[in-house]
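Peer 1: Could you put together the complete structure from these sequences and hints?
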Amino acid sequence: MPEAAPGPARPARSHLWAWALIALVLAGALALGRGDPGPPSDAQRAHDIATEIRCPTCRGLSAADSDAPSSQAIRDEILRRVQAGQTDGQIRGYLVSRYTIDILLEPQRHGVAVLVWALPIVAGIAALGGLILAFRRWRAHPGVAVSAGDQALVDEALRR
Amino acid sequence: MNAALGTAGVALALSAAVLGMVTLAVGLRRGDPRLLSAGQRYVWLILGGAVLSVVAMEAAFIGHDFALKYVADNGSRETPFLYTVSGMWSALEGSILLWSLILAGYLAVMVRHFRARAGDHLVAWATLTGFAVAAFFFGLMAGPANPFKVISGVVPADGQGPNPLLQNHPLVAFHPPILYMGFVGFTIPFAFAIAALVTGRVGEGWLVETRRWTLFAWGFLTVGIVLGAWWSYEVLGWGGYWAWDPVENASFLPWLTATAYIHSVMVQERRGMLRVWNLSLLVSTFALTILGTFLTRSGVLDSVHAFSESNIGPALLGFFALVVGVSIALIGWRGDRLRSPGAIDSPLSREGAFLANNVAFGAFAFVVLLGTVFPLIAEAINGDRLSVGAPYFDTMTAPVGFTLLFLMAVAPALPWRKASGELLHRRLLWPAWAATVTVVACVAAGLRGLAPLIAFGLGAFAAAAAVRQLLLSARAARRQGSPAWRGLLGRANGGMVVHIGVVVIAVAFAASHSYGQRHEFRLDPGQTAHLGGHSITYLGTTTVQHANKKTLSARVRVDGGQVYEPALQQFPFASQAIGSPSVRVGILDDVYLTLVAAPEGDTTAAVVGINVQPLIAWLWIGGGLMGFGTFLAAWPGRRRRPTEPSSAPAVPTVEPSMAPVADDPPVAVGPHA
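Quick note, the sequences are listed as chains A and B, same order. Sequential numbering from 1 applies to the first sequence in the numbering used here. Sequential numbering from 1001 applies to the second sequence in the numbering used here.
No lab work stands behind these hints: they were computed from the structure. Be a bit skeptical, because a hint or two may be false.
Some chain A residues judged to face chain B by a derived CB distance under 10 Å, without partners named [claimed, not checked]:
1. 18
2. 21
3. 25
4. 47
5. 108
6. 112
7. 134
8. 150
By construction, the Cβ of each residue, glycine as well, lies at the ideal position given by its N, Cα and C atoms.
Peer 2: Here you go:
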């Protein structure tokens, strides 16, 4: 790396200004670009619900993506109920009672299904915790028991 | 005749694998180099057996030998030549045959590559492990997944042909073999990992030796997955390319762990750390290829790819358990040698970034694995049948994806050991401006939505960081008197090309997910529909009778120009007509046309599905870039010294770095000794 020369430990003040400007511009652009959510149209709402419903006769596709007649029927039913003023929850409830619980592509957030949401979060926290612990241990014992052989290997690698 | 030849080939390969294992084991026990060398030569018999059975299978397909049950089920006289050849891997038994052929090929190349070191116990153990894997797969074909079963009773005059979906796009001929080149390729580094554990030579030697093998397998797996997505897009007719289907997940899981491995292995090569972690990642990658085969080929999970139910499930699950069990036992047994010296000084360093990368890839793999098998878990717990589909995977993996894009931008700028603020400022400032300008430009152009904007911004950040590295490297090459393109070669630079490919895919993925539009139109001939800035005119239908199918296609003019023909195809043995989409490919967006319903009875109107998705073509371009980058990364760089010290053979006189290592004796002290 041609520019790997160590710089001063603290960045100069002008540097901070540059990064603050970047953060400001980015935040402004993202706030503008977030778009106006507004109330979705009936068709949009029906489509959003359909993406979370399994196509009953095909494999691995949602009712929104599939051209199968059964999916078409589900889409029509959802749109009819959206226009009749039902909530998303009511429509999903109807579909579950009409088919079975596995018509929902997104697992529920209660019962056994809660595990599929919680386990990754628990595992993620555990991994981060483990990493923090490891760094603390490395900081506490920076040069633990380097055998001569391994030191030679490392030196060899560093000299390359 | 073909059945007999094929069965003989399988038997030859199986017995050669077993005899080779026995010879190697005896040779290792006695420390007899001649036996070791003889044992490794059995690989040519394994390869011969595999080639013989594949030739017999293809001869049966091409010669329409319907006495073979597999050929009667997957071939027919009317099937075009290409799909007759690819018929071999269009069902379970034949894919195991393809897997075995590729495995035999890899093993043969490995034995040949290391032939000068046939007496080295590391190589001998690796070969033994490879033979054991081969014995398992040929054993499958000798037992539960026999592709050469003969039909009892009358031989049919014609076969059924492959699954209709597997005979209407030429990618079927390329996607499975390339994907398998990836899957099977991980057998070689896995074999060396096991050999390193058994012989106790767990230093960095075996890593460096298998580096290129791993890259090779990874590159094929990457390209294979992208080709699979492309096939799915071109054939399945729903306009998407990735459905989080169990088989897609099964191919993606080893890719995730392998990607984590090829990053974290650099920490070990450089600093001698993370040995247990790297071994675990490598073993997981190999084990996940087996688990994926089990999940998707045994009928426990529903999938578009799932072949008919079969009884190879227990065998695959048992082998998976064996691989995991043996590996964990060996890692535990070698625990003391694997303890890594040294420490990572600061989280803000290259090695810190690799650790973060590993946490992210680990989390990604965990989510995908959990989501894939969760329906089984839930059913086992309380009998609930539930689905885990795309909404779950999208929600859970999006944050991980953003994290990875961010790391791709920052990590190449970080130095080993410890970074200073000044250094980060200098290296990251213009990539950060590139990201900012990109986001501002996107917003100014009218694009809305937080997720895609963040994806584009992070993509620009990562791409700029990669381009910066490549420019520096090209400049360094020029300064040393080499042409600038030399700066693209080698692991770090090829890696940056791969990163650019990943960014291209991420941007295309975000764009097509967020800004795609789809609609179905009922159109009379001559009528025009408008969607996403395109005009689509329906002209009428045509029916063509082919030898193997009847095609009813709609003629559709896109933007007043070329005519495209989405179709419905009726195959004689399929109950439903198969829709085959037609795509106007574009650099900015694709217009994806499907014929949803043909005119019926007296009506002349057809229902045409139109899907306008931006930047889709860049998914395939990004995949190509990733493959090309892998090729550059594997390119032998300019050697700084004639022999890399850590990859020298295990002969004490030419092994300067191994000899002084007290806990790394050149002679094996495994349980056989």
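Peer 1: For each hint given before, does the structure comply? Return the numbers of the non-compliant ones in rising order.
Peer 2: The structure breaks none of the hints.
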